[in-house]
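Student: Take a look at the letters that make up each chain.
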Amino acid sequence: MSTPTEALNFEAPQMGSRALWLRQVGAILRLEVRKNFMGKRAILLYLIAAFPVLLMAALSVELGSRVGSPGNIGEANIIFANLYEGLILRTIVFFGCAWTFMNLFRGEVVDRSLHYYFLAPVRREVLVFGKYFSGIVATMILFTITTAGSLMFLYIGLGSSGMGYLGNGPGKGQALAYLGITWLACVGYGAVFLVIGLFFRNPMIPALLAYGWEFINFLLPPVLKKISVIHYLHSLAPVPVPEGPFAMVAEPTPAYLSIPGLLIFTAVVLALASYRIRRMQITYGGE
Amino acid sequence: MDKLSDHLIVFEDVSKFYGEILGVNRVTLSIEPGITSLVGPNGSGKTTLMNLMTGLIQPTRGRVTVLDYRADHPELFFRKVGYCSQFDSFPAGLTGFEFIRSYLLVHGYTKQQAQDLAWRALHRVDLIEAAHRKVAAYSKGMRQRIRLAQAIAHGPSVMILDEPLNGLDPMARSETIRLFRQLAAEGLHLIISSHILHEVDMMSDRVILLNNGYVVAEGDIRGVRDEMEEHPMQILIRCDRPGVLAARVFEQDSVVEARIHKDRHGLFIKTRDADAFYLLLNRVVLDDGLNVESVSPVDDNLDAVYQYLIGSSGEAA
Chain A
1 MSTPTEALNF EAPQMGSRAL WLRQVGAILR LEVRKNFMGK RAILLYLIAA
51 FPVLLMAALS VELGSRVGSP GNIGEANIIF ANLYEGLILR TIVFFGCAWT
101 FMNLFRGEVV DRSLHYYFLA PVRREVLVFG KYFSGIVATM ILFTITTAGS
151 LMFLYIGLGS SGMGYLGNGP GKGQALAYLG ITWLACVGYG AVFLVIGLFF
201 RNPMIPALLA YGWEFINFLL PPVLKKISVI HYLHSLAPVP VPEGPFAMVA
251 EPTPAYLSIP GLLIFTAVVL ALASYRIRRM QITYGGE
Chain B
1 MDKLSDHLIV FEDVSKFYGE ILGVNRVTLS IEPGITSLVG PNGSGKTTLM
51 NLMTGLIQPT RGRVTVLDYR ADHPELFFRK VGYCSQFDSF PAGLTGFEFI
101 RSYLLVHGYT KQQAQDLAWR ALHRVDLIEA AHRKVAAYSK GMRQRIRLAQ
151 AIAHGPSVMI LDEPLNGLDP MARSETIRLF RQLAAEGLHL IISSHILHEV
201 DMMSDRVILL NNGYVVAEGD IRGVRDEMEE HPMQILIRCD RPGVLAARVF
251 EQDSVVEARI HKDRHGLFIK TRDADAFYLL LNRVVLDDGL NVESVSPVDD
301 NLDAVYQYLI GSSGEAA
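These protein sequences, in sequence, are chains A and B. Mapped onto the numbering used here, the consecutive letters of the first sequence carry residue numbers 1 to 287. Mapped onto the numbering used here, the consecutive letters of the second sequence carry residue numbers 1 to 317.
Same shape as in the complex, but just chain B (with noise of 0.2 Å):
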């Protein structure tokens, strides 16, 4: 019978020094599968945590097992796992259909079968027109792209991507997200690093949020928003009697903070407790014929979790 950890990838307790730096220090963690985002400014340890994941580098304490398999028995290991790392380096000399082709026969695959895998990885991410072509000349989105392929070729059920969306254009970022999207549908697990905070809110079911080599929060975004008490969620309600509305929020304690829009359309409330709001709210329409527009959560994304929790002062990347 399947054990969960067979399903999980699984942090137990790992710390990483380089020396005397740290590089993450103390993360558990259990990551089902789906899309993982990894969150945070330089230096907060996302790339090392990918390293540690596909045993790139060993951690110095504590352990880590992806699908319960270990990086050390890499023959297990790297069928279940692909990983497209930040490194824009090729061996030199290979055209982007020879790079694919000569690493999937180091696995093992036949010529024909490393042929065929390697066409199907080309035509995933529409490289199929420069395969022929030096990945030397590549344009860096081209490059970005024949990574990923590198590292979907084989059919890992695990993907980790180290910023794969970098280097690419917007229509090929929006190609990219619903790949993974059908991907993470498929039953994979897919670990991505990126900087780009809306489309990682987009894209993830869950975030991974890094500081300083910590794990500072993780979860769905709108769980850990939730779990953030010190500070009141955000809500800009548009309706016809701001007024009204203002009056009946204080009735609440978890209401601190109510502000009418300057256009006199609008009402701005900062509350603890938003589920208590919400049928407030449903009260004010009920028993004032309310006239709302629209509720809009104003602070209930990763990027305002992102500044609440590691703060403007750290560039996300």
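So that you can see chain A by itself, here it is in the shape it has in the complex (with noise of 0.2 Å):
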């Protein structure tokens, strides 16, 4: 082992300032972004966003068939709404993001590691908003490939029509849409599967019954659907999915209503993963 043998009289990174914030949040998030993509974990991450890709990849060969003429695009369209909905929205999104952010932080105590970011000088707060962003990349781009990919192999098997109609068409506003639903899926279910992982010892069983609750949103009360993140993504959707005869009818909410109200939720859910990590406390041992 050596001794010193030049001094490194660097200056410490001025604190409280937001640049410094900044550059922590830019650290963090190539660390985590790293652990996402490349951890053994990411390994379900990408088998989840590929099913649908795949599924659809199956299909489109027998879709194509069965509604390969241009005046099918609309039947096209409303299988999507169904299958983006009921498959990638509800199911692949959901468990994709609760399975990257529930490790965020959950992961780390699993395999001890959590404390080196404890003991640097770096505010909990930043560490929650750095973690937080790097799940958001990587559910980000992993589910937007799942749904571009989704949509792309749908609308090749209705040929040159569907790709026209995906490229220069409505089709293409629509395909923006849903990525646009995607992006505030991950924003939103990000957020409380992010607390999720901070407040239980098992996260798994709350994410079900999360699941659930959203799940069961069409059997709710009106007052009651507002407090979840699907209400607010099934009011974005550019073709309408019917509920089936048991929904309770709620007036679809606004899109200038719906997206801040899921952006004020997602900043009020991460508060409270802020408040939740400034108390707590590394004893691997009793996990």
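Heads up, a few of these hints could be off.
Stated by the list, open to error - Computed footprint of chain A on chain B, listed as stretches where at least three residues anywhere in the stretch have a Cβ under 8 Å from a Cβ of chain A:
{"id": "1", "region": "46-59"}
{"id": "2", "region": "73-85"}
Claimed, not checked - From the structure, some residues in chain A lie toward chain B, with a derived Cβ separation under 8 Å:
{"id": "3", "residue": "Gly-16"}
{"id": "4", "residue": "Gln-24"}
{"id": "5", "residue": "His-115"}
{"id": "6", "residue": "Gln-281"}
Claimed, not checked - The following residues of chain A were derived to be distant from chain B, with all beta-carbon distances above 10 Å:
{"id": "7", "residue": "Ser-60"}
{"id": "8", "residue": "Gly-74"}
{"id": "9", "residue": "Ser-274"}
No lab work stands behind these hints: they were computed from the structure. These numbers come from a predicted model, not from an experiment. Cβ coordinates follow ideal geometry from the N, Cα and C atoms, glycine included.
Dock chain one against chain two, each of which comes alone in its own frame, and use the hints as you go.
Tutor: See the structure below:
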């Protein structure tokens, strides 16, 4: 072991400045994005994200033969709307976000590596935001590919008319709307699962309860519907999906309310996460 | 003007309970710069004290300050403090260099600064050659050293080291102790827990002995030993005429036992006042021409203090 050979007299980073916080968020983001994409837990995320794309690829030939005429693009839109809301949004994005965001803190507790962050001169709120943004980056990239890939395979099955509809026609706006809903889902579900991962030792149980709550959302009275993420996302769907004969009908929330509403909800949940993490103790042995 | 507490690690009536289980109870301490060792058996509260110092856990009662900073202001606190914990785990997939540099970037250093500091820390723990290998492929000793490097990389004023010598080979142990001594000489606080008593004895300026969550003694080893009046000091005097010395030592009331060594070239005594005995010994040498080869306190060390205070039933850990 060597003794110091030279002095490094760096100025310590200036405390409390926005520039420092941004730099720290950036450093946390780089570390976490790497873990989200390269860690062993990423494998399940890749499988989850790939499932609808592979499903659509397998079905595209069959769908193409059934709805292959230009006049059936409307039918394809309804098929995708149902597939998107039923499979991609409510299941794939939901569980993908659950897996990613719950593991941001819980995974590090299991791996016994969270203390390295807690022993750094970084505000714990900054840590919450750095980790949250890393989850947003990972899930947005993956589920953008999932959503876009599924759309592509469906409309490829319709031939040139389908590609034209998606590339230059009204399908382009719909595709952007679906992508927007996917991003908002990552933002909203991400915050919810981040906080669940901070509060619960076994977060799968509350995650399943949340899934149940989101799943039965169409049965809930209008007031309760609003305490969910899916209500706001459902309102934004470019192609309305009927909720069935047992649904409690509620006025869809317009986009100018649902988007800020979801963002405010996210901010409140992140504030709760910040409150929690300030009081968090590291006792791996007790986990 | 600097306050005294600006230079101390202070525990004020600190207790920590894990539910109903006692971690530490009513600990009041002021720790000065230098090397302070925490010693005690498993479950005595050493790691709890270290985790309290660094804010990884919060006290149930009382207050802990390090150089007058509190851990609930991490931006200030962890510029001054480095903690090499006992958790032998690392973020997956990183090399030694990436591990050190990544967390320096989290501190807020620029890329160039983080890189330079990381290399310096790796140099100090002699891990330059393994810098670009994955930490997961390191041996136990190398993992211990990379954790040490991570704790010292930002140049803290206070270093808290939980069993830092574990897993190191004898050469690395000796080099690490040398590094600790050097850092202490530079004015740093080093708080070290170790179960190897003779090494603690060798490197520590003072010790804190813990048992069942209580501080049972603190101070420098000799001072602690001197205060243990119920355990008379044991001294072995190697000399040519132990019988002459034995006849004289009972002039002192404080001498409670004298036994001639079986090779007839030494006297073993127990005394409650070692200083008075040494004065007497000087007189005997002058008066009777006693030829003294050596005088060695037998239980004036941490091992003995530990045995007396904590007992042989508690294995040091």
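Student: Using Cβ atoms only, decide whether Gln-281 of chain A comes closer than 8 Å to chain B, and label the hint accordingly.
Tutor: holds (5 Å)
Student: Looking at Ser-60 of chain A again, its CB stays over 10 Å from all of chain B?
Tutor: holds (36 Å)
Student: Three residues or more, CB to CB closer than 8 Å: is that satisfied between the region 73-85 of chain B and chain A?
Tutor: holds (count 10)
Student: Checking hints one by one. Is Gln-24 of chain A an interface residue toward chain B, by the C-beta closer than 8 Å rule?
Tutor: holds (5 Å)
Student: Please verify that hint: His-115 of chain A, Cβ, nearest Cβ of chain B, below 8 Å or not.
Tutor: holds (6 Å)
Student: Holds or violated: the region 46-59 of chain B covered by chain A, criterion of 3 or more residues with Cβ-Cβ distance under 8 Å?
Tutor: holds (count 6)
Student: Would the stated hint for Gly-16 of chain A survive a check requiring a Cβ distance to chain B of less than 8 Å?
Tutor: This interface hint holds because 7 Å falls under the 8 Å limit.
Student: Just checking, Gly-74 of chain A versus chain B, shortest CB gap more than 10 Å?
Tutor: Its Cβ never comes within 10 Å of chain B, the nearest being 48 Å, so this holds.
Student: Just double-check Ser-274 of chain A for me: nearest Cβ-Cβ distance to chain B has to come out over 10 Å.
Tutor: holds (13 Å)
In this structure, none of the earlier numbered hints is contradicted; all agree with it.
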